[in-house]
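Colleague: The lines below spell out each chain.
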Amino acid sequence: MVAQQVKEVASPEPNKAGAAGKGSKKKDQTGIAYLFLSPWIAGAVLLTIGPMVASLYLSFTDYNLFTAPEWVGLDNYIRLFTQDDRFMSSVGVTFQYVFLSAPLKLAAALGVALLLNRPRKGQGFYRSAFYAPSLLGASVSIALVWRSLFTDDGAVDNVLGFIGINTGGWINQPDYAMYVIVILAVWQFGAPMVIFLAGLKQIPQDLYDAAAVDGASTWKTFTSVTLPMLSPVIFFNLVMEIINSFQSFTGAFVVSNGQGGPADSTLFYTLYLYQRGFQDFQMGYASAMAWLLLLTIALFTGLLFKTSGRWVFYAGEDK
Amino acid sequence: MAGLVAACGGNGGDGADGQVELRFTWWGSDDRAEITEEAVALFEQRHPNITVNTSYAAFSGYFERLATEVAGGNAPDVIQMDYAYLREYGDRGVLADLHEFDEDVLRTADITPLLASSGEIEGSMFALPMAQNTHAWAYNEQAWAETGVELPAEGWTWDELLQRSQELTEASGGETFGTTDFGWSWETFQVWLRQQDKDLYTEDNQLGFDRDDLTAYLELLDEFRSTEASTPANITSEIDGAVENSPLAQGTAFADFTWDSTAVSFFSVLPDGINLAPMPRIEGSDRVGQFAKPGMLISIAANSEHPEESAALVDFLLNDVEAGQILGTSRGMPVNTEVREAVGAELQGPDQLVYEYEEALADQLEEPPSAPPPGNSALKREWQRLNSVVGFGQLSIDDAVDQFLERAEQEL
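One line per chain: the protein sequences are V and A, in this order.
The numbering used here runs 35 ahead of the 1-based position in the first sequence.
The numbering used here runs 1355 ahead of the 1-based position in the second sequence.
FYI, nobody ran anything at the bench for these hints, they're computed from the structure.
Remember, it's a predicted structure, so these values are computed and weren't measured experimentally.
Here a beta-carbon is modelled for each residue, glycine too, at the ideal position from N, C-alpha and C.
A few of these clues could be false.
[As the list claims (entries may be wrong)] Away from chain A, derived, C-beta distances all over 12 Å, residues of chain V:
| hint | residue |
| --- | --- |
| 1 | LEU135 |
| 2 | THR202 |
| 3 | ALA251 |
| 4 | LEU327 |
[To be verified] Derived DEER-like restraints, expressed as beta-carbon distance ranges:
| hint | chain 1 | residue 1 | chain 2 | residue 2 | range |
| --- | --- | --- | --- | --- | --- |
| 5 | V | ILE84 | A | LEU1767 | 12 to 22 Å |
| 6 | V | ALA142 | A | ALA1439 | 39 to 49 Å |
| 7 | V | ASP188 | A | SER1581 | 15 to 25 Å |
| 8 | V | GLY78 | A | GLU1711 | 29 to 39 Å |
Using the sequences and the hints given, assemble the complete structure.
Modeller: Below you can see the structure in the form of structure tokens.
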């Protein structure tokens, strides 16, 4: 896409130069374009495509980081599905997380965006205040704070104890630990919120005026005007959130101290991948896991795109 | 390329004037970093032609970083090594065989005989111990004494541990548990096995125990939990290896198994400190099961460009009395007997407690088992997981045993 843009910018040039052979001059210009692009091309090849190809190769090998990889064919993949209970439980944990955190986070983001969309005093302050967790949230220190809030005798436990609910801590019990990480994720709704806000601003005021004239209720206006007009933005946010939550790592890593505990209840897919690769020195196995994750994400994104025709409405589109 | 490196780093490569640069990496806390820097500065003073670039990290994360550096062909010259990882690195050609150095470059004669060969795997010496430690029963002596329950002493048994833990929990009105659930500790299981002439692993890297041992031990742990002698699962799952998060430090348990070198850290969290007792024994067995463990080891990278200088640094850190006095017991008891005597004479407070504990046990400690096989870290994690799952009542002991044995088959 970038190359295309550059071409468009570069193309008028030969006409201006005129005299020189049209083709050769154009070729020169393309060369210059590629020269300027070379840092990005080199970056893409060296830092993205290269490692991806390498990891695809490694996923078919037994590789311990220090000695040369040994080709084992599909062994890693077969082992994952037939011999590894923890792999299966990490898949379960991750799906649970994706299906809980992505919708909740988007609902929170949309709700707050709707509130902040109306002009009011101190709007700028509220917007920054709600966005702040997104900036802080991914940091290790916040996850540590979260850990101490939800531990046995932590702030949450104490407050709940005050109203007579004795939980004995959240992060240290398999039934609750996941929710701590989900809450941590939902709390960081700032990024999708900003996108929702931008989307809300794009909805033409005429539509609301027309709805008002027709006497539509607030709810009716929301479901018949706001939601359809916002659907492309919802779609975008949904895709991004699903991808993000599949790849989520920091929260679980810090809250469970890299263990995925208690009792594997927060053993996220990426966490188990990390344990396999860097703690057990099974880099080939970890690579196989990484490729399965990529395929899963591609599959989900594909499915979303497929269903999007039914519910995503683009302005100017005939339906 | 070499020119580029020199230009970038300023002091990157080695100058023509014989100046040599070494990289030395270790894990530990900030205070350990401070004294290590001090010792390294003294070394540089003695060897003006050598500059040592140091780096350190917390233990969690250290080996992940090291693995990446080594895989990238960029291993530090001198590496602080852990017993659990020695074979992972040694077997794969990452570490130099220290036998290849002359005795006057790298002196090993004064290293305590118990540990002298601990870094040796199949004839190659991949590391030398930096410190000695051993298992200990750490307990909050004052709180314990106030309950009136009999204090632990040498020669006590697992049955007594169970009984006294129950009494302690009862005496505190269920507020504080007698002991921390020790199912988290792979090492305690090892002592229990050794007391019965078994071990975690055999010489050929298979499991050194069978289904019955595993079942018996899990039942022992379960008996502690079900009689409230040990911490319940939700408290146990807060254990993450950090002293300040342990039930003993948090005041939810009277005691815990630990390494004696770690014991010192309890003093900064527990105002009244702790005391140390030897491990309980099997009824009627006279084998202590405790061994001298190389607390931390030190290795030289096989592809170091400056093996001689690296060896000089290792030699200095292990055998120099002055260096030993600077380093103190921050990594555990010094392994050089001469250094140990010099350091021991000056110790005070918690350090002295640990020193005396080891001195008292000195003639009963056994030689360490050989370094654990690859797969150990995965199995240890599986062990901790199963204890947690069983503790939460999600799995029966029989099923846990099955899962563990299955895992062992895959990992070893």
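Colleague: None of the hints should be skipped; say for each whether it holds.
Modeller: We went through each hint and held it up to the structure:
no., hint, result
1, LEU135, "20 Å, holds"
2, THR202, "9 Å, violated"
3, ALA251, "52 Å, holds"
4, LEU327, "18 Å, holds"
5, ILE84(V) - LEU1767(A): 12 to 22 Å, "37 Å, violated"
6, ALA142(V) - ALA1439(A): 39 to 49 Å, "46 Å, holds"
7, ASP188(V) - SER1581(A): 15 to 25 Å, "23 Å, holds"
8, GLY78(V) - GLU1711(A): 29 to 39 Å, "60 Å, violated"
The structure shown violates the earlier hints numbered 2, 5 and 8.
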